[in-house]
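Each protein sequence line maps, in turn, to chains C and G. Under our numbering, think of the first position of the first sequence as 1, with each following residue one higher. Under our numbering, think of the first position of the second sequence as 371, with each following residue one higher.
Hints may be right or wrong, so weigh each one.
Heads up, simulated SDA-like pairs for lysine to any residue below, C-alpha to C-alpha not over 25 Å straight-line [stated by the list, open to error]:
#, chain 1, residue 1, chain 2, residue 2
1, C, Lys132, G, Leu570
2, C, Lys132, G, Ser593
3, C, Lys35, C, Pro306
4, C, Lys132, G, Pro603
5, C, Lys104, G, Leu597
6, C, Lys132, G, Val601
7, C, Lys132, G, Asp682
8, C, Lys321, C, Ser301
9, G, Lys501, C, His31
10, C, Lys132, C, Gln144
11, C, Lys35, G, Arg508
12, C, Lys35, G, Gly500
13, G, Lys501, C, Gly45
14, G, Lys501, C, Gly37
15, C, Lys132, G, Gly380
16, C, Lys35, G, Pro502
17, C, Lys35, G, Leu570
18, C, Lys132, G, Pro379
19, C, Lys132, G, Arg590
20, G, Lys501, C, Pro39
21, C, Lys132, G, Phe681
22, G, Lys501, C, Val34
23, C, Lys132, G, Gly376
24, C, Lys104, G, Pro502
25, G, Lys501, C, Ala101
26, C, Lys132, G, Arg573
27, C, Lys35, G, Asp503
28, C, Lys90, C, Phe32
29, C, Lys132, G, Glu579
30, G, Lys501, C, Glu85
31, G, Lys501, C, Gly36
32, G, Lys388, C, Thr129
33, C, Lys317, C, Pro278
34, C, Lys132, G, Pro598
35, C, Lys132, G, Thr568
Okay, the calculated bits of chain C under chain G, using three or more residues with CB under 8 Å as the criterion [claimed, not checked]:
#, region
36, 107-120
37, 134-147
38, 168-182
Worth flagging that the hints you see were computed from the coordinates, not collected in a lab. Backbone N, C-alpha and C define an ideal beta-carbon position, used for all residues, glycine too.
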Amino acid sequence: MTEDLVLPAPRDAAPEVSGDPLLVVEGLTKHFPVKGGFPIRRTVGAVQAVDGIDLTVHVGESFGLVGESGCGKSTTGRLITRLLEPSAGKITYSGQDITHASRKQLAPIRSEIQMIFQDPYSSLNPRQTVGKIISGPMEINGIQPAGGREGRVRELLEIVGLNPEHYNRFPHEFSGGQRQRIGVARALALEPKLIVADEPVSALDVSIQAQVVNLLQEVQRELGIAFLFIAHDLAVVRHFSHRVAVMYLGKIIEVGDRDSIYTRPRHPYTHALLSAVPEVNLGDDETVGRERIRLAGDVPSPINPPTGCRFRTRCWKAQDKCATEEPPLIQISGNLAGHLTACHFPEEPTIEARDEDIVLDPALAALEES
Amino acid sequence: MKKLEGRSPGQLMWIRFKRDRTGVVSAYVVAFFFLVGLLAPLISKLYGKDPYTVYADERPELFDSAGVPLQPNGGISSQFWFGLEPGNGYDVFTKLLYGIRTSLMISVCVTIATVLTGILLGVAAGYLGGKPDYFISRVIDFLLAFPAQLFFIASMPVVVSLFVSPTDETPTYVRVVALIAVQWFLGWMSLARILRGTSLALREREFIEAARVSGASPWRIISREILPNVVTPILVQSTYMLPGFVTAEAGLSYLGVGIVEPTPDWGQMFSKASTELVMSNDITYMFFPGVSMIIFIVAFNLLGDSVRDAFDPKTAR
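Can you build the whole structure from these sequences, using the hints too?
Structure, rendered in structure tokens:
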């Protein structure tokens with residue numbers, strides 16, 4: 001099957017997830033104020049980066065968050081790690097409300113939520129040795145592991161596949177993939193229960209991506225760490241996640257377990273997203289190909305998002321109802337348990353080719369007609 | 371087996387610097403001047419003279435009735451290597467040594483004060499952002515609008531009179547403190563601005579966020595994550611600033627608002643050289659302070675360039 005080349009089927013069946021919720025996010029909202037006006041600057045609007053999302057990450061589960069650039073994925077990650085202050089909503093970590101907790105209040109759970117960053121070239125302090133970078137979090141939280149901090153760092157370097165002898169080296173002596181491993185080691189240093197991985201592999205080249213994803217998966221399985229995996233690469237998310245949420249313009253529009261989202265998507269946007277994954281066609285198979293949907297235009301401005309359903313401006317099924325009424329994120333008929341979709345007119349739960357391609361981009365349509 | 375040890379950015383800079391011949395030579399020249407200033411008492415002891423002895427009284431046979439040295443070239447001899455000063459007849463060699471000492475001492479103090487202020491306000495503005503940043507930046511803009519030289523000249527007497535009543539004689543240390551204070555007051559902004567920009571850029575880097583995710587305090591973030599990364603602009607900028615302060619101090623002394631007789635000072639020697647008595651009778655007097663200052667300033671500026679190149683090899687000059 002050609003499809004395997006693109007979306008590698010996971011090596012094992014959808015793993016079981018223990019039922020305890022670790023992180024519960026309700027109605028999380030982040031609006032960045034837009035200042036303007038003269039002579040007195042005042043708030044004239046807001047970038048609605050994240051606008052009321054709900055999600056739950058269970059203990060030991062890896063939860064994927066996908067979406068286009070600028071849809072609020074990274075903002076969500078930064079809100080959960082409390083690098084940003086939420087405008088509204090509630091973040092609960094193992095039963096504790098951390099929505100507006102101060103640095104001191106957060107101290108006891110800081111060690112349990114860690115983050116892996118996108119850019120390995122800016123996420124390591126160029127003036128510190130690898131040893132200092134990785135032991136930094138232990139120092140801050142006053143953790144004295146058995147065998148000393150240096151021993152622990154060497155152990156961590158080994159876990160992430162680096163030479164423990166690299167302890168005294170500086171970040172500029174490493175390649176991007178190795179740097180990202182150092183970032184992973186730093187996140188693991190505190191033995192966290194939840195790691196927010198913000199596009200951890202998108203800055204790496206493809207050959208290294210697989211190594212790092214496999215490393216993360218190994219870490220996730222063996223240490224039982226829950227992951228919030230933020231990415232725009234659908235194949236990587238499919239490979240890595242137990243459950244997946246699709247974001248569009250600050251909202252979650254579809255969430256469900258991996259197989260539901262990838263093989264039985266309902267929301268038109270999810271269909272479009274999946275169909276945008278490049279496909280290698282060797283030309284010799286008679287099986288039905290995948291559906292083909294090409295959207296037109298860009299994501300609307302989050303300063304002034306469309307009324308009702310936010311996807312309606314680019315949706316081929318949009319009707320009057322979509323403009324007036326915002327579809328709730330619910331389990332619509334035909335969905336499996338836990339598969340929620342926010343759409344008034346959902347698509348068929350299949351990704352197989354339909355009778356006619358949906359090409360909304362006028363330039364592309366004209367090109368194909370000629 | 372040789373232990374695997376990485377080279378820090380600082381070590382790399384040092385290696386690059388050592389390869390730069392201009393930089394190394396300039397560094398030696400600059401070090402020589404600092405050594406001369408530091409060892410001035412020792413050198414003058416070995417030389418057997420001091421800058422305060424009035425040779426016009428001690429050895430009147432060397433001077434004519436106007437107080438000009440009789441021997442050619444301002445009385446240069448095996449006894450008085452750089453000659454004698456017309457008028458009071460001070461020994462020029464020791465006077466220059468002590469003059470360098472005074473000037474460099476004042477300039478180093480100004481540099482340290484401005485660098486500390488620049489770090490404090492610049493990093494604070496850049497890291498805190500928002501209101502503190504706005505406030506500090508406006509103060510910087512305001513102070514940069516001052517005409518510095520005019521302000522120095524005008525404010526020196528005012529600052530001095532804050533400490534001493536105008537009828538009393540001003541002690542030298544008050545003049546030194548006043549010189550340091552006025553130069554510091556209008557000297558810290560350029561470095562603060564650069565550091566504000568650098569910390570503003572650093573604040574958005576992900577390693578700062580990583581430290582915050584680990585629960586690091588703002589103090590730890592500033593001292594461990596930001597400061598080590600602004601060492602480069604601090605070093606480069608201060609090697610550019612120090613020669614500037616030396617010339618500014620010399621200028622003030624030349625204009626008569628800095629260090630005054632009999633305290634030896636580099637700039638004040640220029641002022642002396644331009645008096646009518648010296649100008650018309652002993653043009654040689656200007657030679658030694660002038661040449662030594664040119665060598666010092668040129669060497670220091672070249673050193674500044676080399677330091678910058680060593681830290682930032684990618685930027686073409």
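Hints versus structure:
no., hint, result
1, C/Lys132 to G/Leu570, "23 Å, holds"
2, C/Lys132 to G/Ser593, "14 Å, holds"
3, C/Lys35 to C/Pro306, "21 Å, holds"
4, C/Lys132 to G/Pro603, "23 Å, holds"
5, C/Lys104 to G/Leu597, "24 Å, holds"
6, C/Lys132 to G/Val601, "18 Å, holds"
7, C/Lys132 to G/Asp682, "24 Å, holds"
8, C/Lys321 to C/Ser301, "21 Å, holds"
9, G/Lys501 to C/His31, "20 Å, holds"
10, C/Lys132 to C/Gln144, "14 Å, holds"
11, C/Lys35 to G/Arg508, "20 Å, holds"
12, C/Lys35 to G/Gly500, "13 Å, holds"
13, G/Lys501 to C/Gly45, "21 Å, holds"
14, G/Lys501 to C/Gly37, "18 Å, holds"
15, C/Lys132 to G/Gly380, "16 Å, holds"
16, C/Lys35 to G/Pro502, "18 Å, holds"
17, C/Lys35 to G/Leu570, "19 Å, holds"
18, C/Lys132 to G/Pro379, "15 Å, holds"
19, C/Lys132 to G/Arg590, "14 Å, holds"
20, G/Lys501 to C/Pro39, "17 Å, holds"
21, C/Lys132 to G/Phe681, "22 Å, holds"
22, G/Lys501 to C/Val34, "17 Å, holds"
23, C/Lys132 to G/Gly376, "13 Å, holds"
24, C/Lys104 to G/Pro502, "23 Å, holds"
25, G/Lys501 to C/Ala101, "23 Å, holds"
26, C/Lys132 to G/Arg573, "19 Å, holds"
27, C/Lys35 to G/Asp503, "17 Å, holds"
28, C/Lys90 to C/Phe32, "17 Å, holds"
29, C/Lys132 to G/Glu579, "16 Å, holds"
30, G/Lys501 to C/Glu85, "18 Å, holds"
31, G/Lys501 to C/Gly36, "17 Å, holds"
32, G/Lys388 to C/Thr129, "23 Å, holds"
33, C/Lys317 to C/Pro278, "24 Å, holds"
34, C/Lys132 to G/Pro598, "13 Å, holds"
35, C/Lys132 to G/Thr568, "22 Å, holds"
36, 107-120, "holds (count 9)"
37, 134-147, "holds (count 4)"
38, 168-182, "holds (count 5)"
In terms of the numbered hints stated before, the structure departs from none.
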